[in-house]
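Once you have looked at the hints, place chains R, C and B on chain G.
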Amino acid sequence: MKLVYFARVREAMGSDGEEMEFPASVLTVGDAIDWLAAQSPRHAEAFADRSKLRFALDQRMVKFDAPVTGATEFAIFPPVTGG
Amino acid sequence: MKLVYFARVREAMGSDGEEMEFPASVLTVGDAIDWLAAQSPRHAEAFADRSKLRFALDQRMVKFDAPVTGATEFAIFPPVTGG
Amino acid sequence: MIRVSVQREAFDIAAETLALEAAGVGAVATFTGIVRGDDGVTAIELEHYPGMTEASLNDICAIAQERWGLTGCTIIHRVGRMKVGEPIVLVVTASPHRAAALEACAFLIDRLKTDAPFWKREYRGDVAQWVEQKTSDVERGQSWDG
Amino acid sequence: MIRVSVQREAFDIAAETLALEAAGVGAVATFTGIVRGDDGVTAIELEHYPGMTEASLNDICAIAQERWGLTGCTIIHRVGRMKVGEPIVLVVTASPHRAAALEACAFLIDRLKTDAPFWKREYRGDVAQWVEQKTSDVERGQSWDG
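Sequence lines, in order, name chains G, R, C and B.
Be aware that the first sequence starts at 54, since it is given in the numbering used here, and climbs by one per residue.
Be aware that the second sequence starts at 54, since it is given in the numbering used here, and climbs by one per residue.
Be aware that the third sequence starts at 105, since it is given in the numbering used here, and climbs by one per residue.
Be aware that the fourth sequence starts at 105, since it is given in the numbering used here, and climbs by one per residue.
This is chain G alone, in the form it adopts within the complex (with noise of 0.2 angstroms):
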């Protein structure tokens, strides 16, 4: 799955986004946070405050609880701050 990192998130990884194939475990986005989180230091502390981060699934909002599974792209970034 293609993720894709914006913002505060993309600097803290120290990058726009990563090809990332999840175990068959991970069924939702809340899954794959906790799974990602495990993956390095730099993951754990980037995902480490669930409340500041927001998702999308192939460019539509989700919540914690939506299945990835199927998903193409995988988008994961601060509450938005437009207009």
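Treat the hints as calculated values from the structure; they're not laboratory data.
Some clues are possibly wrong.
Unchecked claim - Once the Cα atoms are required to be at most 25 angstroms apart in a straight line, the calculated DSS-like pairs of lysine-lysine come out as:
1. B:K238 x G:K116
2. C:K238 x C:K187
3. G:K116 x B:K187
4. R:K116 x C:K187
5. R:K105 x R:K116
6. B:K187 x B:K238
7. G:K116 x G:K105
8. R:K105 x C:K238
9. G:K55 x G:K105
10. R:K116 x R:K55
11. G:K116 x G:K55
12. R:K105 x R:K55
Unchecked claim - Just so you have them, the derived chain B footprint on chain C, three or more residues with Cβ under 8 angstroms:
13. 111-124
14. 220-226
Computed from a predicted structure; not experimentally measured.
Backbone N, C-alpha and C define an ideal beta-carbon position, used for all residues, glycine too.
Okay, now just chains R, C and B, sitting in the frame of chain G:
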């Protein structure tokens, strides 16, 4: 007192205004309209439907019960329809 | 900053918004009223009460400025004859906050319709007819009271 | 008619309002957001999610068009770096009725702030800081639900 007429009232009167001295018995806007309506058939017709008349004394909107004494300019016109 | 103009000429929305933006605020809202071609209307003509019109527009601007803490407030109202599609009135409000700018803009156009001495005549070809005041406009104007 | 643009360049409010006026409606409302110089801010920088941004702006326009029966709806949002006093975002709505145009305009700017993937960084000289989402913006965005 200087009377000024606008829109439908101006057309009904065939004039954009006239000089008029009210008798001492005319105290309020309502009194003035009653008195004016008795001045000629044209006045009577122009001021027949009170619900369609609005007033300004010295360029301030007023109601029927406003005292006319002391005012310089008395405007009579239909409800406004700008914007 | 209050600016009021009653004029025959069309107005320049870009210049008017820019003038209020220059105050360094965060939000500018505008409302433009345009001649509608409903029921065969081809043009309108607006009559007004010179002097009182400007004073009443100034009054409602001052009320809005106080109530919503506006940094600027502009009303330009055209008079004379206008064809379908032509702009009639422009209201511009500026504030640090978007809700204030938009609400004040709604207030100003609602109040203008009940408080400012303009009278509109509709033309259908050569046939002219005075427009009646709408009850809904009166109610909307009063809804801002109290 | 929906028009959405995410661009680096400034926008032309006169051209955008004229485009919606051309539909022959009675009322056009606009909202312009401008960079504020609060607390020593000298500039901002906006990052966005290309593709999703345009889709989400289109979505909220479609919702507004349906809910308020708009004849036209435009959102232009700038990205990149902007100095204090520069315009950030323009919302334009057109409708036969003034209340619809103004309400839809308020809805669009409120929803844009919660739904569209933009992220703002404030500059104070050379020091950059990400802007935190305001609770009041979230509440205002949700206030249009149901």
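For this session: Run the structure past the numbered hints and jot down the numbers of the failing ones, going up.
Result: 3, 4 and 14
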